[in-house]
Structure formats: structure tokens, C-alpha cells
Amino acid sequence: MAFKKLISISEVDEGKMAVVKTRHFNVVVTKVEGEYFAFEDSCTHDGEEISCGKLEGCVITCPRHFAKFDVRTGKVLALPATEPLVIFPVRVVGEDLEVDLEAV
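Residue numbering for the sequence shown follows UniProt numbering, starting at 1 and increasing by one per position.
Quick caveat, the hints were computed from the structure, so don't treat them as lab data. Take the hints with a grain of salt, since some may be wrong.
Once the Cα atoms are required to be at most 20 Å apart in a straight line, the calculated DMTMM-like pairs of lysine to aspartate or glutamate come out as [unchecked claim]:
hint	residue 1	residue 2
1	K16	D70
2	K75	E49
3	K54	D70
4	K4	E40
5	K31	E49
6	K16	E40
7	K31	D13
8	K31	D70
9	K75	D46
10	K21	E49
11	K16	E95
12	K21	D96
13	K5	E98
14	K54	E14
15	K54	E35
16	K54	D13
17	K68	E33
18	K16	E35
19	K5	E35
20	K75	E56
21	K5	E102
22	K5	D96
23	K68	E83
24	K68	E48
25	K68	E40
26	K16	E33
27	K4	E35
28	K21	E11
Bear in mind that the values here come from a model prediction, so they are computed numbers and not experimental data.
Taking the hints into account, I'd like the entire structure generated from these sequences.
Given below as C-alpha cells:
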């Protein structure tokens with residue numbers, strides 16, 4: 001695993017999303033029920049920036065065609081998407097949130 005610092009935990013509020021630009025793609029980081037999650041900022045249905053959608057609890061809804069995903073697992077909860085979100089392993093180290101962007 002290749003964990004790298006992505007963002008400070010102070011920059012990620014409960015129930016909100018933070019988008020971090022990486023070298024190859026954008027990553028959404030969120031905190032749900034005190035736990036941090038990271039996923040690629042792309043709806044698997046059509047590539048729309050999923051971070052422009054609505055986050056309610058652990059469910060994010062794509063703003064374009066309303067596909068729904070569980071941000072904890074990437075699981076598709078509503079069509080038209082059929083492929084899960086790309087989820088990245090995360091860990092907290094001190095005040096930093098580290099993400100393994102190579103684990104997918």
C-alpha cells in the first residue's frame with residue numbers, strides 16, 4: 001500500500017465533501033458518522049463530477065441522472081449506474097488524512 005497525505009482532517013467537516021485534485025484525477029473526501037471516506041470524483045454512469053451532487057448521510061446522488069451510491073463501500077443504490085464508485089482506503093495519521101490512491 002502507498003498511503004500519502006491528501007488533506008488535513010480539519011478540512012473535512014461531518015456530512016460535507018472536500019475535493020482534492022491529484023495528479024491524475026480528483027478525489028472526494030467526506031466524513032460520515034465520524035469516519036472518513038475517499039472516492040473518485042466521477043459518477044460511474046457517465047463521468048459527471050459526483051461532488052456536485054447531494055450527500056445525505058452515507059448516500060451521494062449524482063446531479064445529472066440521479067444515480068445513488070454508498071460512499072462507504074461504493075455500492076450502487078439506484079440506477080442508471082451499474083458500476084460502483086471507486087473507493088480508496090483511508091487512514092488518519094495525527095492531523096492528516098492519508099489515502100492509498102494505488103489500491104484500486
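Results of checking the hints against the structure:
no.	hint	in the structure
1	K16 / D70	14 Å, holds
2	K75 / E49	17 Å, holds
3	K54 / D70	12 Å, holds
4	K4 / E40	15 Å, holds
5	K31 / E49	18 Å, holds
6	K16 / E40	15 Å, holds
7	K31 / D13	6 Å, holds
8	K31 / D70	13 Å, holds
9	K75 / D46	16 Å, holds
10	K21 / E49	12 Å, holds
11	K16 / E95	18 Å, holds
12	K21 / D96	16 Å, holds
13	K5 / E98	4 Å, holds
14	K54 / E14	14 Å, holds
15	K54 / E35	18 Å, holds
16	K54 / D13	15 Å, holds
17	K68 / E33	19 Å, holds
18	K16 / E35	12 Å, holds
19	K5 / E35	17 Å, holds
20	K75 / E56	15 Å, holds
21	K5 / E102	13 Å, holds
22	K5 / D96	6 Å, holds
23	K68 / E83	11 Å, holds
24	K68 / E48	13 Å, holds
25	K68 / E40	14 Å, holds
26	K16 / E33	11 Å, holds
27	K4 / E35	18 Å, holds
28	K21 / E11	14 Å, holds
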